[in-house]
Amino acid sequence: MKTLGTLSIALALGMSVSASANESVTEAIGNAKQWAIQTGDYANTRYSELAQITKDNVKDLKVAWTFSTGVLRGHEGSPLVVGDIMYVHTPFPNVVYALDLANEGKILWRYEPKQNPDVIAVMCCDTVYRGLAYADGKVFLHQADTTLVALDAKTGETKWSVVNGDPTKGETNTATVLPVKDKLIVGISGGEFGVQGHVTAYNIETGEQLWRAYSVGPDDQLMVDPEKTTHLGKPIGKDSSISTWEGDQWKIGGGTTWGWYAYDPDLNLIYYGTGNPSTWNPKQRPGDNKWSMTIFARDADTGMAKWVYQMTPHDEWDFDGVNEMILTDQDFNGQPRKLLTHFDRNGISYTMDRETGELLVAEKYDPAVNWTTGVDMDPASPTYGRPAVVKEYSTEQTGEDTNTMGVCPAALGTKDQQPAAYSPKTNLFYVPTNHVCMDYEPFKVSYAAGQPYVGATLSMYPAPNSHGGMGNFIAWDNVKGEIKWSLPEQFSVWSGALATAGDVVFYGTLEGYLKAIDAATGEELYKFKTPSGIIGNVMTYEQGGKQYIAVLSGVGGWAGIGLAAGLTNPNEGLGAVGGYAALSDYTALGGQLTVFELSD
Amino acid sequence: MPKTNLFSAIGVIALVALPLQAQETDPNLVADHEENGRWMTAEGIPTYKIEEDGTVDWATFSGFRRYHAECHVCHGPDGEGSTYAPALKRSAVVMDYYDFYTVVAEGRQKVGGGQNSVMPSFGTNPNVMCYLDDIYTYLKARGTDAVPRGRPAKRAEKSEEVAANEESCMDS
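First to last, the protein sequences are chains A and B. Add 7 to a position in the first sequence, counting from 1, and you land on the number used in my numbering. For the second sequence, position 20 (counting from the first letter as 1) is numbered 16 according to my numbering, and the numbering increases by one without interruption.
No lab work stands behind these hints, which were simulated from the structure alone. Every value quoted in this text rests on a predicted model; they were computed, and no experiment measured them. Treat each hint with caution, since some may be false.
Claimed, not checked - Anything over 12 Å on all C-beta distances counts as not near chain A; from chain B, calculated:
#	residue
1	P23
2	V26
3	D28
4	G33
5	M36
6	T37
7	A38
8	S58
9	H64
10	V90
11	D92
12	T98
13	A160
Claimed, not checked - Capping the alpha-carbon separation at 27 Å, the derived lysine-lysine pairs in BS3-like fashion look like this:
#	chain 1	residue 1	chain 2	residue 2
14	A	K451	A	K66
15	B	K154	A	K290
16	A	K121	B	K154
17	B	K106	A	K176
18	A	K40	A	K487
19	A	K491	A	K432
20	B	K150	A	K290
21	A	K176	A	K113
22	B	K150	A	K398
23	A	K40	A	K121
24	A	K451	A	K69
25	A	K40	A	K62
26	B	K150	A	K451
27	A	K487	A	K345
28	A	K66	A	K290
29	A	K245	A	K290
30	A	K188	A	K345
31	A	K40	A	K398
32	A	K536	A	K62
33	A	K161	A	K534
34	A	K451	B	K154
Unchecked claim - If you want the footprint, here are the derived chain B segments under chain A, 3+ residues with CB under 8 Å:
#	segment
35	74 to 85
36	129 to 138
For glycine and all other residues, C-beta sits at the position ideal for the given N, C-alpha and C.
Take the sequences, apply the hints, and build the full model.
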């Protein structure tokens, strides 16, 4: 397919030659009736202008139609809607369905890739997949085995495919891709297998690899300029990554890139975070382990990093930095600023200037967070931007073969990948969170290619001295760095939120409820129990003049592993067994799409 | 099909049908003698030994740690199972020791017919294989509720024999 030029493909698709991929995505995203990429828009706000469903009438919501995906196990991400077609994806085996919304959801086409099932065994935490992306008349599927496929959106015909990684080394995929201009931005999973994480850009028309930027390694592999790439305003200098690792450890250093990507068209920068350094035993990898646990801003065309910020130097708790970057233009201390807000696994919410990488706010978004007393915000300080680690909760300082107890949050993070939403009407962020703490005992492990490279034992339990539940759904003020309100949840909230111009916020729960709440107050306005636990993200679209809300059910993911049998608190001593709710008492496996509408 | 010998089949029946006291006499569970710092049944199969004050033998404790590093990401905490992977605490009691060993070393696939379960082969992973007897011992103790969920509160010290074996296995 590489021999086909852009022109002939564009003509074959019956499109105007001047319409670049960039315009097609911008146009698709700009139409609130559609949901063309997983994050709703480039800024990751998960906000929809649709306003038929309001806080006053959402109580009249009912199920419009449902669709079984035919696949069990964890369903993350959400369907897409472009025109009259809905695209639904599944976890492994990564089936794609195109449903005709104008014809009662009839299946227009389906695509089921052939994948070696061995890949299932090297996916760390269930076989989740966070969904498709649309651009330029094509739907992009990134399979578990890292095969990236461009499908004709109308017919399901394969236009091209490339392979992004090697599953025999533990390289897999769980993330969506982001179409940006004439490129697809693509990440990789495998932090628990000693993968050297990277982000890759492919030509959107041909699948040709254009650039690949690693998270850890020498400067040329990192795609940084030692003089121009900055960390908190200062050049990062030569060998910024390899000087923070012992010997060649960076080669199996992790820093995988399985989260959500954001793009600012004006600055032409893409934003994403990198995952944990491998192994989970910090003693085995001395140094800051740069640039794991880092927010990256890269030029979309060249891939060169403009700025970086490492949130958790020398990770001791598995606090991957991959969560979404939400791009907003807001007033900050009276000045209009281009902001980036990021709710990190480590329990701190960061508000930054996305143009310069300046750190503006770093505050805990769960009061239970205890591993740090806070981030040094003094630019003159030698530890500027670093979190002050509390010795009692430092698995590095307590050391190998010692159980560090009562660390909050747990390795799940105060939030994992489940994305937050932002409403420009309230200037609030709506954040699904975990309220779980842990004991963590690191010990020596050996590396073997394609085998787990973990090196720590964890026990997790609900945050002590709190409401006893394992989650909260919070509204967050990113300028003040404050929780506005917090709704306790029995289980971790593992579902992506949706905010709408109807002043309603939606999210799902692990028991399987779709919930609608008042965007201003958090008051619960509606709930419905779907057939299985929800770890998918809520989306909305309009079809035939009517607004719909849709969500995938299908319990699983890391939440399904940790919570299936219920958690225990070892610190409460023997006999505490069964003291906490077991997810298996509430829900069972099953992939299903549920679509809601207002009663007439 | 895993071959099931008569010996372990009897063990299963005993567990299902008899009260706790009977488990204490189950030859598949009872610690008979120590071998290289590890408790064994009369037949030479690894097993746990829990003192009256709740102190667990080193292998059971080590198994708890290794299980929660290598196995729990699929099989859930404390051998209890997850939304998609079976509860291993039962497997360790129900399955023949050698079959258990083979599945871990070689892996197992159940794909098709609505199932997408793949157990990887850990045969080349020293972090699993050097500790497989420990993991087996721990899961057996969980399967009979000889140890409760969570981290064992009290444990025996690691013997020099065990430490030496561990070192040679991990370095080989």
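> Looking back at the numbered hints, which does the structure fail to meet, lowest number first?
Replying inline: 8, 9, 14, 16, 18, 21, 23, 24, 28, 31, 33, 36
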